[in-house]
Amino acid sequence: AQKVTQAQTEISVVEKEDVTLDCVYETRDTTYYLFWYKQPPSGELVFLIRRNSFDEQNEISGRYSWNFQKSTSSFNFTITASQVVDSAVYFCALSEVVTSYDKVIFGPGTSLSVIP
Amino acid sequence: SAVISQKPSRDICQRGTSLTIQCQVDSQVTMMFWYRQQPGQSLTLIATANQGSEATYESGFVIDKFPISRPNLTFSTLTVSNMSPEDSSIYLCSARDSPGELFFGEGSRLTVL
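Protein chains in written order, with my numbering: chain A, 1 to 116; chain B, 1 to 113.
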């Protein structure tokens, strides 16, 4: 069955520090998608990225970058030069296209606090 | 990107009553889902809302407690039946079209007294 693990429950960093949020997943499918979502204190879910299992290229978007490694079943998220506005809960998620009919399952989340 | 509207956005209900949450998508989508987010927790999938047929429920969720309708490709409802304080959560409607981004509504925050 599909599973997402985010071992870091809470992280605190000082503003301008870099921080990496870990995500490890389990799946039997060869075709799957990985996601990251941000949930700020206001509560809405903000989509950050989607990556399919055939694309292992790392991605950078401004201060955000993602490292996808199939060999270790990991999809880690790094925020460079963190800002107070980055304080939120971050969820990693997985969907198996075949086995689970494309349902998206979320990890437990990592709560990030950026201290000014 | 799809825009999802949910109502009510929040409600306070009495134990033993039922509440129906409506979800409207601004475009036709293949798949719609309902999630629950209990306080301080992650999102848990309740069910996949299937257009024109019975919803597909995840383990731990049953139709009698969470009846779901999806009469067309843009609309779905979730009813929380015979509510108890343990049902106090945020209920989120989501939608996607093909294996792509999963869009979310703003959620319905339910408090059961």
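Keep in mind that the hints were calculated from the coordinates and are not lab data. Please note that a few of the clues may not be correct.
For lysine to aspartate or glutamate, the following EDC-like pairs were computed, each having C-alpha atoms within a straight-line distance of at most 20 angstroms [unchecked claim]:
| hint | chain 1 | residue 1 | chain 2 | residue 2 |
| --- | --- | --- | --- | --- |
| 1 | A | LYS38 | A | GLU59 |
| 2 | A | LYS38 | B | GLU106 |
| 3 | A | LYS103 | B | GLU101 |
| 4 | A | LYS103 | B | ASP11 |
| 5 | A | LYS38 | B | GLU101 |
| 6 | A | LYS103 | B | GLU86 |
| 7 | B | LYS7 | B | GLU106 |
| 8 | A | LYS3 | B | GLU101 |
| 9 | A | LYS103 | A | GLU17 |
| 10 | B | LYS7 | A | GLU59 |
| 11 | A | LYS70 | B | GLU106 |
| 12 | A | LYS3 | B | GLU54 |
The hints, checked one at a time:
1. A:LYS38 / A:GLU59: The given pair, whose Cα atoms are some 17 angstroms apart, holds under the 20 angstroms limit.
2. A:LYS38 / B:GLU106: holds, 13 angstroms
3. A:LYS103 / B:GLU101: holds, 12 angstroms
4. A:LYS103 / B:ASP11: It is violated: about 28 angstroms lies between the C-alpha atoms, which goes past 20 angstroms.
5. A:LYS38 / B:GLU101: holds, 14 angstroms
6. A:LYS103 / B:GLU86: violated, 25 angstroms
7. B:LYS7 / B:GLU106: holds, 9 angstroms
8. A:LYS3 / B:GLU101: Holds, at about 19 angstroms.
9. A:LYS103 / A:GLU17: violated, 35 angstroms
10. B:LYS7 / A:GLU59: With a Cα-Cα distance of about 36 angstroms, the restraint between B:LYS7 and A:GLU59 is violated, given a limit of 20 angstroms.
11. A:LYS70 / B:GLU106: The hint is violated at about 33 angstroms.
12. A:LYS3 / B:GLU54: violated, 26 angstroms
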